[in-house]
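J.: The chain contents come next:
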Amino acid sequence: MSRRREFLSAQGRLVMLLSAALATLFLLSLVTGANPLPLWRALHESLADTPTVLSLILTEVRLPRSLIALVAGASLGLGGALLQGLLRNPLASPGLIGSASGASLGAVSVLYFGLGAGFWAALPLGGMSGALLAMLLVYLLAGRDASIVTLILAGVAINATMLALISLLLNLAPSPYAVQEMVLWMLGSVANHGMDAFWIMLPGTLLGWLLALGSGRALDALTLGEETARSMGVDLVRLRWRLFLAVALTVGSAVSITGSIGFVGLVVPHLLRPLVGYMPGRLLPVSALGGGLMLLLADMAVRLLPAGTEIKVGVITSLVGAPFFLYLILKTRRVQP
Amino acid sequence: MSLLKGSAVCVTLGDHPVLRGVDIELRPGELLGLIGPNGAGKSTLLRALAGLQTLHGGAVALDGVPLERNGPQLRARAMAYLAQNGEAHWPIEVERLVALGRTPHLTPWQRPGDKDRAAVLRALEQTDTLGLRERLFTTLSGGERMRVLLARALAVQPRVILADEPVAALDPAHQLEVMALLRAHCEGGGAALVVLHDLTLGGHFCHRLQLLHQGRALAEGRPDEVLTRENLERAYGITPTTANVIDAFRLNWRTHRAPRTTD
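These protein sequence lines are chains A and B, in that order. Using UniProt numbering, read the first sequence as starting at 1 and increasing by one per residue. Using UniProt numbering, read the second sequence as starting at 1 and increasing by one per residue.
In case anyone wonders, no lab produced these hints; they're calculated from the structure. The reader is advised that the hints may include incorrect statements.
Unchecked claim - To give an idea of the interface, some chain A residues facing chain B are shown, with a C-beta separation under 8 Å as derived from the structure:
#1 Glu-45
#2 Gly-225
#3 Thr-228
#4 Arg-230
#5 Gly-277
What the hints assert, rightly or not - Listed next, the stretches of chain B that the computed footprint assigns to chain A, with coverage defined by at least 3 CB atoms under 8 Å from CB atoms of chain A:
#6 17–25
#7 45–52
#8 72–78
#9 216–222
What the hints assert, rightly or not - Which residues of chain A face chain B? A few of them, derived with a C-beta cut under 7 Å, are:
#10 Arg-88
#11 Gly-214
#12 Arg-217
#13 Ala-221
#14 Thr-223
#15 Glu-226
#16 Glu-227
#17 Ser-231
#18 Met-232
#19 Gly-233
#20 Tyr-278
In this text, a Cβ means the ideal position worked out from N, Cα and C, and glycines have one as well.
Chain A extracted, bound-state conformation (with noise of 0.2 Å):
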């Protein structure tokens, strides 16, 4: 009995431990930079009435990156749990499931194609829908109890053709400048953004995360299978509906903002899994908290990296990532043939 309790404080310490870390990471990150930030000097600076440097540096151009970072990797280490304990395959995560590039697409379509122009909601929206449809699309072509391999596939298949209609849209750009500030956003970045992004970003992922909350216990029960999760009272189809949008809406609000910035939703889960003991429920909150961490240490590395142009976030979470899926793939093999 007693195990138990210890078991549930072991939990919670590691929920406590990587909060606190986030939180360090999260003022360290403030004050890293080319130009290092006397936090409280800049702080105090901030509060009064005429701004200065230090505190234009801090409000407009450091919090908005820290917050864009937490958020966006937050939303896509809860992303990546819930899919892989929804489709109970180690190898799902919003980047394979094809939801971060139709999330591209959508914002894509919606940044450089002027839909829905001066409506604020249309960039986020663009992205959720493009994510969602990806998602579905992926969903359909592999089936319910798709295989690793399947789903895979499906996952190639679909990021294939979202890719392919991003190029469309490339192509028929109207101008070389557009062209190449696409590109540019689709590297993936958390930087050059004021708080006005950030005030965008929240109000689906919001959402998205309330969706997410309390979906846990299904998802431990799913560990039995399908079947002896509904034997068990799980209302899988409304389950299923309800975690898509959820990362829909996260992973869409994310990306519409950050562009596409890979990997982080495999590899974060992946890593925490075995410390709360391959639950996926519990891995849900962990997860989440570990994204941020993962991402905010990426763009802090990006910052402090000696390049003449400053490396993109989403470049160095990739050059990380593709590595570390590859070796997953290998393990996965050996396991599941």
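Could you slot chain B onto chain A? The hints should help.
T.: Using the frame of chain A, we list chain B on its own:
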């Protein structure tokens, strides 16, 4: 009064009619064996009774109330379904897996209480898996896995257990134990419907047998009423070589294993 009753159950999968109007009745205190050759529709009937299969005709009633009018929660607490070839998709600890059986009793935010822990402990004891509780499910042998999955079903504390070939992967001693366990569940006031291929075990442990053949109920009754020369020839195409048919299905062995104490 029947606990679980299927009337004229029809199920068509693709173009193929799998069940063509089967009547089946599970009474309180009864262990009912569902037998029949491969493809007779046993598993589909079990799933239909569990509410996991859309019917194309007929009805299923729990306590005289149509299944769909029982709320999903109520249904999930009353009936535990044990799937064939049950798997766990993540390498989770045995005790946690068994605790998943408490899902129908808990709201999404409710933590398992003393009652839940007691149910889990009892299920572990009953299935002789207490010693495995800290092992990872994926590291267990086939027989151990089956017993753990049975413990998960028992942790629901259901009135009805619907089990699809629960003894197929077990060695003879554990087969006897699992069948005895299911029978004990029934004698304690519950009921169980078990899909079986082993006619000997079915004849020995089940109060009644129902024989399915090509989607229809061919026979139903006490084991000696169902396991007749004509039924066996028609359903399975086998002929008992003993003078008295039921002698072919006598259980002529027993287990030496005392109920093990856990280390």
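J.: Would you pick out the hints that fail for this structure and give their numbers low to high?
T.: 1, 6, 9 and 15
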